[in-house]
Amino acid sequence: MSPVQTMPPRGYHLSKDELGADILEVAMGPHHPSTHGVFRMDLKLDGETVVDLKPVFGYLHRNHEKIAEDISYPMSMPFTDRLDYLCGMTNNWAYALSAEKLIEIEVPERAEYLRVIVGELTRLVNHCLLIGFFINDLGALGTPLLYALREREKILDLFEVLSGARMMVNYIRFGGVRCDLPEGWLGECQRIVDAFPAFLDEYETLLTENEIIIARAQNVGVVTREEAIDFSLTGPMLRASGVNYDIRKVDRYGIYDRFDFKIPIGGHGDCYDRFMVRMLEMRESVKILKQAIRDLPDGNIMGKAPKIFRPAPGEAYGRIEAPKGELGFYLISDGTPIPYRFKVRPPSFVNLTALRHMCLGHKVADAVIILGSIDIVLGEVDR
Amino acid sequence: MPQRETGPIGDPTAITIETTIGYMGAIDHQGVIRRFPELEWDDFSGSLILSPERVDEVVSWLKEDPAYRLDYLSCVSGVDYLEKEEKTRVRNEAGKMVVKTSLSPEKMEVVYHFYSMEKKTGPFILKQRVHSRENPVVTSLTPHYRGAELMEREVYDLFGIHFTGHPDLRRILMWEAFQHHPMRKDYVPPNDYEYEPTPHGDVLQRARERREELEGQSP
Amino acid sequence: MNNFFDLKLVELGRWIEAFFADFPSLKLVVHLLLCTLPLALSFMGAFAFTTWLERKGLARIQNRPGPNRVGIFGLLQPIADGIKMLIKEDIVPERSDKLFHFLAPIMLMIPALIGVGFLPLGDGLHALPLDSAIIFFFAISSLNTIAVFMAGWSSRNKYSLLGGMRAVAQMISYEIPLVLSAVAVIMIAGSLNAQEVVASQQISSWVGSGNILQEFFGRILGWNVFKPWGFAGFIFFFVAALAEANRSPFDLPEADSEIIAGHLTEYSGFKYAIFFMGEYISAFAIAGIGVTLFLGGWNGPVFSGLPWFVLKLFSLFAVMIWIRGTLPRLRVDQLMGYAWKFLFPLAILNIFLAGFYHFIERQWGTAIAMLAGWILGFGALQLAATALSRLNQSPIMRSKRVYQLVE
Amino acid sequence: MSLLAKGILKGMAVTAKNFFQSYYRKERLPTVQYPEEKSTITPFTRNFPFLLYDGDDAVDGMRCTACTLCERACPPQCIYIIKDKDEKGKPILRPRIFDIDTSVCMSCQLCVEVCPYEAIRMDSAFELSNENRFEGLLINRGDLLKSNDYYHALNPVEARETDDRIAAKNALAEAKKKARQKKTRLAAAKAKRPPSRLKKSPPAREKPPQPEKSE
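The listed protein sequences correspond, in order, to chains A, B, C and D.
Counting from 1, one number per residue, gives the positions in the first sequence under the numbering used here.
Counting from 1001, one number per residue, gives the positions in the second sequence under the numbering used here.
Counting from 2001, one number per residue, gives the positions in the third sequence under the numbering used here.
Counting from 3001, one number per residue, gives the positions in the fourth sequence under the numbering used here.
Some hints could be false.
Stated by the list, open to error - Derived DSBU-like pairs: lysine-lysine, alpha-carbon spacing no greater than 35 Å straight-line:
#, chain 1, residue 1, chain 2, residue 2
1, D, Lys3017, A, Lys262
2, B, Lys1119, A, Lys290
3, D, Lys3178, D, Lys3190
4, A, Lys307, A, Lys66
Claimed, not checked - Listing some non-contacts, in silico: residues in chain C with all C-beta distances to chain A over 12 Å:
#, residue
5, Leu2034
6, Cys2035
7, Thr2051
8, Asn2157
9, Ile2212
10, Ile2235
11, Val2302
12, Ile2351
13, Gly2365
Hints listed in this document are in silico derivations from the structure and should not be mistaken for laboratory results.
Ideal placement from N, C-alpha and C gives every residue a C-beta, glycine not left out.
All chains should be modelled from the sequences, with the hints used to inform the complete structure.
Here it is as structure tokens:
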């Protein structure tokens, strides 16, 4: 691979003189129904065609990293819930994983299983919501979204029983998880997981063959295999482009090597593939969940974590396959109980790098669905 | 050696996907040290430390060399080190870890985490280090990895590190008129918030005091 | 025969007019008022009811209860909404073209109400019984393009402008398949008079016969939708009508996920309510003309007249709501392509098929004609449709996608 | 797009099914009509913290010893504690002021986890709307204190476990105290020790574990 040209050559750039017409500049956002939060795209339109796009970030910037560099390690845990506020569990997990690398805590087996269970439930939650919003961006008036929300609600109820909160779970701790399963939780979880494929079937009947969705989403926002790697895309976006790279399989963090599951791979790298890869990933998650619930061992839920978390000087980069892609935490310790450097590698922020490239030459409506298919959460993009 | 997927996108049958993948393999650092013996290798954090001038050469070698093929840039982070007395653990002649006190000069680093998607190896850590906090300039990796574009913009915005060769170096999270770089260690948040009387003020004051107290502690 | 309800209504009108028989100047005014006022009021009432119906229907489709706070089943919700709209602040953008911004909703409302006047609601219930009612209807209903563009342009908002541009392109394009699918009906009925079009949709040899069964089916089987060209034409008409009325999946001018609310972005309060009402009433009008052209108008078994018309109208609207609850939106270029590359040629083909069917029906009698017509007509249409969709689709979309699951 | 739009018709069949089933199947209409019916609050739902007391008197039975561990562990720093003093100015192991700013609190439960006295727990009450956004959302000691019975009603399982833990801890402390008393008595009998030494060892129940300053 040779160094690629920095600015994408695809699409076209027309000046006012060349075309003899005006280029319309539209600021799409920060308050726009389909920017998924306070995000802005400065579009230059020739008629309806996007000739230039500039993403504008920072409307939700809280400087999470700075806050985390002021407080001790365990105190950052509830703040990580607020990064990608749809997937609190996986954010917790990624942070705990990095911190455990820093100080090398053994995590008991039961805790690892619990992490897998909540992590895969989170994947269901996120993909449900994303697909719902993606179809909403396509213009369906909320029906698929509300079906997806209906199913998501059940899993959020599970989270509430388990951790006390629906989204801001704050459940995973360094060296384990906070509390054990309440009575009857596992049965309820089993019931929901067993019922989930029925919902997926219904959903696929509703959506996947729909001619309008096919016409709208296929061949839109194509990222080729090489481009996807070059853009550092991760998660379903990368796999939709045909790259077999799932950190659950590659790193095998936690106990993912014990489960039998497969990675869905798309062949075209367009919006439809991203949508379908997520649909298929949900089925694989259900598979993992069934195995994890079946094999859940008894035992401790907390390892021997020190009371005061004071790692030796050093650094650690831990990453997991969050529903949106690679979520990494880069921690540098200087020996104090406060992290010297706390860096989040947010998947949706990095995935946005490709937004401009994907949108150029397409219509405004496509820009909206391309943004939808990237799956961004602004809490994570802006941190 | 897994076969690399070929064929044009749009033709699903043309894709052959490797059927087995192993655990994430560690990267053989010795090769890099052999190839660039003059470069500083930080054994402690397992990273290659570069001055900005050598970046293009080293990175394109790492990307092209068949033994490495670091095609995926995962994470770009800036780190700011103030001048301070530092206690480092070093291995002495007897092979024991001892704590050594030294005065570490002020410096700024941009840390890159590389992985190889082709060979499923990683991470490889590369640090660009500059010994100036006034106007640090490093070389951008965006010409090699387009994924670095936004992450380097973020480092520029929050740390004030300039990237030469970056196509679109603007502030990203803070607004254009903002003067400072908030992730720097000596950044003091301005006291110009829209003030509202809250009963919380006392609590914040005490938290600040405690933070100062904590910062005064040494490990 | 059983159009008792219509006759009573007409009688009531005559009775009221009779009071003013001595005042010739007043008589005309009263006559005009009796023709228009009940019509306008009833359609506004229908609008209110339909907003409730739509919200409730969509909600049930989406597995939620829908409005249920104001009144029983939330039936008073439209009134609450109306009050809310009335007392809301009317915000006009600072640098907008205030005159056009003000006029646009009125401009939309007037042709919608005029269009309603052309509908034959029942036997003798016809506000504007023109001989060329149908052509007048299409002429008038195309005026709302101007209103939407006025709104989009005068708001001085880029989203509004985009919405206005989309509306113009869309409405003008879909006018053509709309009218062309109506042409087949007009051709067979041999008249532009709406009442005559309705009258042509009963099997006249059966209707007057006195046999109960013949009477019953004579009033159903005559509908144009039960003829091959009529069925296809009805589908074309319905699709084009959805686009004309800016209904999903063709609601591009107000595509909320792309351009916020299109031409409606800068409207609030009462003006927005008027706009909303205008769009609904033009949707009613276009559904009403669809009922007239294809679904036999006020014809129906057991009794005929206004109740049947209302029933058909609301059924058609229910389908619109159902579609709105299911389908995503088309993109703007696909929308135009669909009109020009798909609907337009098929609608033209349909006119020829109508003539052909009519010919064999006359030659060979109804039963054989029906069979042959259905087979031939449908074969031709399906062939053409498949060919057109093949031509229009890019090869990448034709292939079925296979996803690989790898380790 | 073919004329027989199969995918579209399939989708419409699904929505029609949902429309009709919403009238007779509960899982197709999961909405909870909020003010009239409330969704079931699980015992584990956490919203804002409250303080526990034993016995009848809220102030005397307070478990909190004002060790400020929770204040230190609170990430948004919304807990505010001032230790109590008696008339002579001697500190008492109990907070004079214990405020929680619920407008800042993010319900993370870290305060519950660090408390060594099981004195603070999470409440699941969620209707906390208030007219005054400053003082109204600052909950002070009087409102925060809830009896142990309230906790038992809230989360019986956990409350029982907590009670058992406290009982065990008390028993242990009692045993230790007795042992120490015995020892000191023996020691006093053996060799005369200065009485000040005796006075210095307080009962274990009240002695806080060394607060982790660095936390």
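For a quick check of understanding: which of the numbered hints are violated here, in increasing order? 8
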